[in-house]
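Colleague: Listed in order, the protein sequences are those of chains D and C.
With my numbering, letter number 55 in the first sequence gets 55, and the count goes up by one each step, no holes.
With my numbering, letter number 102 in the second sequence gets 102, and the count goes up by one each step, no holes.
Among these hints, one or two may not hold up.
What the hints assert, rightly or not - Derived DSBU-like pairs (lysine-lysine); straight-line CA-CA distance at most 30 Å:
1) D:135 to C:69
2) D:125 to C:46
3) D:96 to D:86
4) D:135 to C:46
5) C:69 to C:46
6) C:108 to C:69
7) D:86 to D:135
8) D:135 to D:125
9) D:86 to D:125
Calculated from the structure, these hints are not laboratory results.
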Amino acid sequence: MIDPSPKQNRNARRAKRLDIDDWHVLIVDDQRDNLNIATEALRFHGAHVQTASNGIEGLEILETYSPTLVLLDLSMPEMNGWDMLKAMRDNPDTQKIPVIALTAHVMAGDEANVMAAGFDGYIPKPFSVATIVLKIQSILAQRQRGDAV
Amino acid sequence: MTLVNQTVIVVEDTYDDMQLVSTILEHSGIQVHVARNGAECLELVKTMSPAMIITDLSMPVMDGWTMLKQLRSQPETNDIPVVAITAYYSVDVAQDARDAGFDAYFAKPVSPLQFVSHLRALLAE
Chain D
1 MIDPSPKQNR NARRAKRLDI DDWHVLIVDD QRDNLNIATE ALRFHGAHVQ
51 TASNGIEGLE ILETYSPTLV LLDLSMPEMN GWDMLKAMRD NPDTQKIPVI
101 ALTAHVMAGD EANVMAAGFD GYIPKPFSVA TIVLKIQSIL AQRQRGDAV
Chain C
1 MTLVNQTVIV VEDTYDDMQL VSTILEHSGI QVHVARNGAE CLELVKTMSP
51 AMIITDLSMP VMDGWTMLKQ LRSQPETNDI PVVAITAYYS VDVAQDARDA
101 GFDAYFAKPV SPLQFVSHLR ALLAE
């Protein structure tokens, strides 16, 4: 008998999820595939997710939904991520919500532009279900440390 | 047959196993989608055509056996290769998995290189 208690082990392993059950996340991205991977990864760990496919839809959702954070694609039709971020920062109801940019091509200088625009961090595409939640947690932790200073 | 840019759905309810399998696949350039149980995977295949599904067998809501049966009963999904992966090797489970119609059966621990080369061979068939 190699392992007499697989069931017990399985429950222990299941419990070892990332602790994000209380997260409410708004993901704004026009590319279905990216949006799906981010949604699946967050839901896997118990987070609640709402999605929008452009900035206008995203702002509409924010009128009635106060998420823990927003994941925001930069280039989208109708309204891009830069403009949606600006609108959020101009509105007292939404200006303090952490916003993480989802970037397709990270080139030298992109990171500086994203941070200068007021994003709290960025995650390059394509997304990885294995790491996306860890990356988000590390950006939020950094932001908290920044607030504490 | 290359695995790069292929889409694979990983069906796992435990964090460590999801993390292990998706990390191996993503390192090979595979785009990984994740579902927590068979029912979530059946929802996913309505919106995409994965090159392969890699699934745990025992899961809440809908297990891997039931999911396989459903996939095989639909013309749109009946030829998607489905690979079973379990936490512990069992001769009986391996036989049952073959009989049920899984395209392959793996037990952890898997060697990443061997695992990926097996998947590649399976896709080439």
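Colleague: Decide, hint by hint, whether the structure agrees.
Modeller: We went through each hint and held it up to the structure:
Note on residue 135 of chain D and residue 69 of chain C: the hinted pairing is violated, with a Cα-Cα distance of about 37 Å set against a maximum of 30 Å. Proximity of residue 125 of chain D to residue 46 of chain C is assessed by CA-CA distance (about 24 Å); at most 30 Å being required, the pair is judged to hold. Restraint check for residue 96 of chain D and residue 86 of chain D: satisfied, since their Cα atoms lie roughly 12 Å apart, inside the 30 Å limit. For a cut-off of 30 Å, the pair hint linking residue 135 of chain D to residue 46 of chain C stands: about 29 Å separates their Cα positions.
Using a Cα cut-off of 30 Å, the hinted pair residue 69 of chain C and residue 46 of chain C holds, with the two alpha carbons roughly 16 Å apart. A hinted pair counts as satisfied when its Cα atoms are at most 30 Å apart, and residue 108 of chain C with residue 69 of chain C qualifies at roughly 23 Å. Between the alpha carbons of residue 86 of chain D and residue 135 of chain D the distance comes to roughly 23 Å, so the proposed pair stays at or under 30 Å and holds. Taken as a hint, the residue 135 of chain D and residue 125 of chain D pair is honoured in the structure, with Cα atoms around 12 Å apart against an allowance of 30 Å.
Distance check on the hinted pair: residue 86 of chain D and residue 125 of chain D sit about 22 Å apart at the alpha-carbon level, within 30 Å; holds.
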